[in-house]
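Chains as they are written, first to last, in the working numbering: chain A, 1 to 300; chain B, 301 to 787; chain C, 788 to 1073.
One should not assume that every hint holds.
Said to hold, decoys possible - As a list, the in silico DSSO-like pairs of lysine-lysine whose alpha-carbon atoms are at most 27 Å apart:
1. A:51 / B:456
2. B:744 / A:265
3. A:51 / B:763
4. C:970 / B:378
5. B:390 / C:989
6. C:989 / A:106
7. B:683 / C:989
8. B:390 / B:378
9. A:74 / B:683
10. A:265 / B:378
11. B:661 / A:265
12. A:51 / B:683
Stated by the list, open to error - So these bits of chain C aren't anywhere near chain B, every CB distance computed over 12 Å:
13. 814
14. 816
15. 865
16. 910
17. 922
18. 923
19. 1051
Please keep in mind that the hints were generated in silico from the structure rather than gathered at the bench. Computed from a predicted structure; not experimentally measured. Note that CB positions come from ideal geometry on N, CA and C, so glycine has one too.
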Amino acid sequence: MAQLARTIKRRLLHGDAAWAYAFIAIALLVYAMFTAYPVVSAFMISFQEYKPLGSTYVGFENYVNSFGDSLFWKSIRNTIVYTLLTVPVSLLLSFAVAILILPFKKRLQTAFKAVYYLPAVASGVAMSVVWLWIYDPLPSGLMNRLLDVFGIGNQNWLGSSATAMFSLVLMAWLSSHGTSIIIYLAALLGIDNSYYEAADLDGASFFQKLWHVVVPFLRPTTLFLLVTGVIGSFQVFQNAYLMTGGGPDNATTMVGLLIFNNAFKYFEYGEAAAQSLVLALIIAVISYFQFRFLGKDVEY
Amino acid sequence: MAKQSRVFASALALTLSISALAGCSSGGGNNNGNASQSPSGSASAPASSVASAAKDTITALLPPVSATYQDNFEQMAKDFNALYPNLTLKIEPASWEDMTQKLDTQVNAGSPPDIAFIPSASVSKYVQQGVLMDITDAATPEMVGDFETAPLEYMKNGTGLYGFPAYMEIHALGGNKQFLEEAGIDWKSVQKNGWTYDEFREAIKKGVVKDGNKTTRYGFVFANAGVASKDYLGILVKNAGMPSAFTKDLKYAYTSKNYLEVLKDVRQLIDDGSMPKELSSIDAGKRWNMFLTGQTMITGKGLATFENSANKNNEKLKANDGSAVEGSIPVDYIVLPVPSFLGQPAVSSPAVDGYVTFRGKKEPTPEHKANVVKAAYFLASGKVAAMTNNELFVAHITKSGKEAAASMTVNRNPDNAAAVEVLLSHAAPARPDIPPELGAKAIKLEDEVIVPKFQALLANEIKPEEMYEAVKSAAIKEFGQDGVVTD
Amino acid sequence: MALYKQHSGRKIAPYVRNAAIAVVLLVFAVATLFPIYFMIISSFGDPVEAGAANYTLWPKKISFESYLFFFDFSKYSYRWLLNSLVVAGSVMITNVVLASLAGYAFSKIRFRGRNVLFSLLLSAMMIPYQVTQVPLYILIVNVFHIENTYSALILPGIVTVYNIFLAKQFIGSIPTEIIESAKVEGCSQLQIFTRIIVPLSKTVLAVMAILTFVDSWNTFFWPFLVTNTMEMQTIQVGLKNFRFANTTYFAPMMAGAAISAIPMFVLFFSLQKYFLEGVTVGAVKG
Chain A
1 MAQLARTIKR
11 RLLHGDAAWA
21 YAFIAIALLV
31 YAMFTAYPVV
41 SAFMISFQEY
51 KPLGSTYVGF
61 ENYVNSFGDS
71 LFWKSIRNTI
81 VYTLLTVPVS
91 LLLSFAVAIL
101 ILPFKKRLQT
111 AFKAVYYLPA
121 VASGVAMSVV
131 WLWIYDPLPS
141 GLMNRLLDVF
151 GIGNQNWLGS
161 SATAMFSLVL
171 MAWLSSHGTS
181 IIIYLAALLG
191 IDNSYYEAAD
201 LDGASFFQKL
211 WHVVVPFLRP
221 TTLFLLVTGV
231 IGSFQVFQNA
241 YLMTGGGPDN
251 ATTMVGLLIF
261 NNAFKYFEYG
271 EAAAQSLVLA
281 LIIAVISYFQ
291 FRFLGKDVEY
Chain B
301 MAKQSRVFAS
311 ALALTLSISA
321 LAGCSSGGGN
331 NNGNASQSPS
341 GSASAPASSV
351 ASAAKDTITA
361 LLPPVSATYQ
371 DNFEQMAKDF
381 NALYPNLTLK
391 IEPASWEDMT
401 QKLDTQVNAG
411 SPPDIAFIPS
421 ASVSKYVQQG
431 VLMDITDAAT
441 PEMVGDFETA
451 PLEYMKNGTG
461 LYGFPAYMEI
471 HALGGNKQFL
481 EEAGIDWKSV
491 QKNGWTYDEF
501 REAIKKGVVK
511 DGNKTTRYGF
521 VFANAGVASK
531 DYLGILVKNA
541 GMPSAFTKDL
551 KYAYTSKNYL
561 EVLKDVRQLI
571 DDGSMPKELS
581 SIDAGKRWNM
591 FLTGQTMITG
601 KGLATFENSA
611 NKNNEKLKAN
621 DGSAVEGSIP
631 VDYIVLPVPS
641 FLGQPAVSSP
651 AVDGYVTFRG
661 KKEPTPEHKA
671 NVVKAAYFLA
681 SGKVAAMTNN
691 ELFVAHITKS
701 GKEAAASMTV
711 NRNPDNAAAV
721 EVLLSHAAPA
731 RPDIPPELGA
741 KAIKLEDEVI
751 VPKFQALLAN
761 EIKPEEMYEA
771 VKSAAIKEFG
781 QDGVVTD
Chain C
788 MALYKQHSGR
798 KIAPYVRNAA
808 IAVVLLVFAV
818 ATLFPIYFMI
828 ISSFGDPVEA
838 GAANYTLWPK
848 KISFESYLFF
858 FDFSKYSYRW
868 LLNSLVVAGS
878 VMITNVVLAS
888 LAGYAFSKIR
898 FRGRNVLFSL
908 LLSAMMIPYQ
918 VTQVPLYILI
928 VNVFHIENTY
938 SALILPGIVT
948 VYNIFLAKQF
958 IGSIPTEIIE
968 SAKVEGCSQL
978 QIFTRIIVPL
988 SKTVLAVMAI
998 LTFVDSWNTF
1008 FWPFLVTNTM
1018 EMQTIQVGLK
1028 NFRFANTTYF
1038 APMMAGAAIS
1048 AIPMFVLFFS
1058 LQKYFLEGVT
1068 VGAVKG
């Protein structure tokens, strides 16, 4: 009898694996063609002096050059600063907002969700034009008018290396949480009432419920938002490109912008590829630790 | 192609199979199991029509050169086809900011368009990549003879000719006539004879209007946000004995003492209060708004077409229908030269843009080459050039363009037209002798050191001397002690 | 929701609490919404060039000229909207289907190479697209020769690693016993997927749908690269045509941005009920 059960189980498992491969087949195919192939190709290019009409292999020269380039290190430092300032704050903000929306009636919840999601919907280029105006350096600028109310002097927002990075961070705080909020909300709605009821029976307070029910349950979601948030932040490019061009004095040169410049402005495509792979390695290490600490499979 | 559709077809098949699912209680998991292996939907793509030897298609990537330029694409293609019935001109539109990126991706992929409209300054960068097509032998003497020499030189690199120029535009300054006269500046004389830095400094001091501590009008505002600041520094140093980044004997010029003096002067104009201290983040739109609303007497950079924009706004003010710029005042736009520094001769900054010819991975056939040249010439001369240049208020640089423009009227201040002629007469000459590798190094140095440091200088975060040292040490690292000017 | 205390006795307390929360949320909302507000009021301005734009907080007059200007500017304005709809719609559907299938396999089915394959997928996200876009462009244009087609716009985005990851994280928290008991009842994996996983994941699938649609709708660079005629451009590419040499048509650009945001609102509100319903495991268990 036990023997039979084992064979059945093995067969089932075998069947399951076949199903699994079928389920991921198309995704893998698309991945192989449109993602893996370009990545492998970029890997090859990182060892070349790339010329559109015929490249030459140069060994590790591109890597050596990148490591010796102080601007590369500065851009990595800028990127890390930007990531540390934006990702955790955005996560906390969106978590808080998602929790705070919950006690309201459905219609009100909808309204709030729509409001917070709006900036994600609007075109990035149009938004950057608006932000440029908000950061207008003259006293007529909106931000400067606001500061004036509090008696603080005029700031040269994007034009001074003291405030340029902060300006980009502030912009991220106020416009990049829409997605995280709705993902958190989706996760919150998946928590079965019985968990809260059980906690209520134990006489748990609001914060105890938050800590013992909500936080553990949202761990997979937090992991997802953290990993993708860090990846996105390490590759951030558009805001610096459109708003500051990396200046002043390279205070906002992110590594994404540097890679872009190398690939296109200077046609040092090989070096750009090498820098991207270094960047990917850094992100991979960070992600590995994120998975280590948050990634235990959560099951109920 | 076939492979692609198969992926897509099976994706759809899978979707369908899911929606048509049967109940749960039946024993096996065999239904629809092979959905992902369903046969592909489509066969091969239709065979591309075999082109006859004479037929050819020329592709061109073109930005909105002038306001109505892109509206005329269809007409241009039609006219070209009427002229050469066996040729088709396929035009891809792109916006200014994005077209470089598209072109560069295509270049990196080894499949650029035949023709792209780009600044002549980029020619050397593409020559270095080996993707430009030398048309020296394909361009007929009639074509070459149609162009003025100075702009045509800009399309050269080494001995090769890589396209035809569309116009040669001078980057000058623009003044508000009324304010200039109020400040007692004899602008007509300046237009004819130029001015020195000291004269300029005094002039813009007089242009400043204050309301208590608050400046309500500056003497001079130049767009300096982001990479625009390289234009500002660029037009200044040309007038300080450095018409190009390299001297005649190919030494890097910006290590000269004169460079430091210009940097000091840049700072001085801001410290005088003649220019706003927030200069480093004033963009092109902002400073034009400041000019139209009377917040500055002089603005830069000034392009010829700005006279047109100012005139249009004046008309709107007259019509008084609320469509003019809020708070704007009637402005007579006056073309002004950039001041000269340290007793050096005035050298105006030309921007030559044009139709540059590219090649892909395959060596182009002589026929195709000739056809591309025909198309580039068609775009750069005659009616197309006449219309475009008129709309931009820039001078015609082809005989055929001048002829075609004879019948068109332009509403232009004759003083300004004359001033531009003066500026054109001492425009910095082209430097096809600078090897592409040197040029590329200079561009990278400019982007990674000069522009960032200059922005910091404008924001008063570093001293002129610090910036000069940074540029100098980076230049020595790049070109060697012997590769730079020492004085 | 029972996270918050049900104040059964006192009636005042929840009102005070909710009012306080509402104030906090509103302040944050105002800060978030300001750029959008500005976008909309600017779109009611006259179609003038950017140097000429009025940077004012209150609209001086309401005019729809910029909207008309947007549609008159190019005869392709409607076509751009349609193209975007086709592309974003297709990408949305394929992503929801394929990512949820893969997410289920990666989270709930044990098979050889699961972790390695998933790490591979994830690591692909870490390479900046600035570098991979040239090989991708070579593939689409020089190898497959499908530039300027819907295929070129849609295929590279059929399923993203982001969505697979999202699906994996959510489906991973569905109790395994449910799946086990379905198996005992004789359900195949595909049936488990459609009968159990999909209904239980409605919320996240709706979220995925809207995120994917918005993302695809707002993508600028790829469609810009692979299209070369006006009639194949998407709305984001078309919008950029408002930016001219030294000027930008400010109000029409904002009008265009507002117009291009409308389909996303419609989608958002039509999927709204899935966001709100929430699916509880208990309901299925019982």
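Status of each hint after checking the structure:
1. At most 27 Å may separate the alpha-carbon atoms for a hinted pair to count; residue 51 of chain A and residue 456 of chain B meet this at roughly 21 Å.
2. Simply put, residue 744 of chain B and residue 265 of chain A have alpha-carbon atoms about 9 Å apart, close enough for the 27 Å limit, and the pair holds.
3. Proposed proximity of residue 51 of chain A and residue 763 of chain B is contradicted: the alpha carbons are some 40 Å apart, above 27 Å.
4. Pair hint residue 970 of chain C plus residue 378 of chain B does not hold up; C-alpha atoms about 67 Å apart against a cutoff of 27 Å.
5. With a CA separation close to 47 Å, the supplied pair residue 390 of chain B and residue 989 of chain C exceeds the 27 Å bound.
6. Taken as a hint, the residue 989 of chain C and residue 106 of chain A pair is honoured in the structure, with Cα atoms around 17 Å apart against an allowance of 27 Å.
7. Of the supplied pair hints, the one linking residue 683 of chain B and residue 989 of chain C is violated, its CA atoms being roughly 61 Å apart against a limit of 27 Å.
8. With a CA separation close to 10 Å, the supplied pair residue 390 of chain B and residue 378 of chain B stays within the 27 Å bound.
9. With a CA separation close to 51 Å, the supplied pair residue 74 of chain A and residue 683 of chain B exceeds the 27 Å bound.
10. Using a Cα cut-off of 27 Å, the hinted pair residue 265 of chain A and residue 378 of chain B is violated, with the two alpha carbons roughly 35 Å apart.
11. Of the pairs offered as hints, the one joining residue 661 of chain B and residue 265 of chain A holds, with about 21 Å between alpha carbons and a cut-off of 27 Å not exceeded.
12. Taken as a hint, the residue 51 of chain A and residue 683 of chain B pair is broken in the structure, with Cα atoms around 38 Å apart against an allowance of 27 Å.
13. For residue 814 of chain C, the requirement that its beta carbon stay farther than 12 Å from each beta carbon of chain B is met, with the minimum near 28 Å.
14. Remark: the non-interface label on residue 816 of chain C is consistent with the geometry, its nearest Cβ contact in chain B lying 29 Å away (cut-off 12 Å).
15. The beta carbon of residue 865 of chain C is kept farther than 12 Å from every beta carbon of chain B, the shortest such distance being approximately 17 Å.
16. Every CB of chain B lies more than 12 Å from the CB of residue 910 of chain C, the least distance being 22 Å, so the non-interface label holds.
17. Annotated as non-interface, residue 922 of chain C brings its C-beta within 12 Å of a C-beta of chain B; the closest such distance is 8 Å.
18. Not every CB of chain B lies more than 12 Å from the CB of residue 923 of chain C, the least distance being 9 Å, so the non-interface label is violated.
19. Annotated as non-interface, residue 1051 of chain C keeps its C-beta farther than 12 Å from every C-beta of chain B; the closest such distance is 23 Å.
Of the numbered hints given earlier, the model fails hints 3, 4, 5, 7, 9, 10, 12, 17, 18; all others are met.
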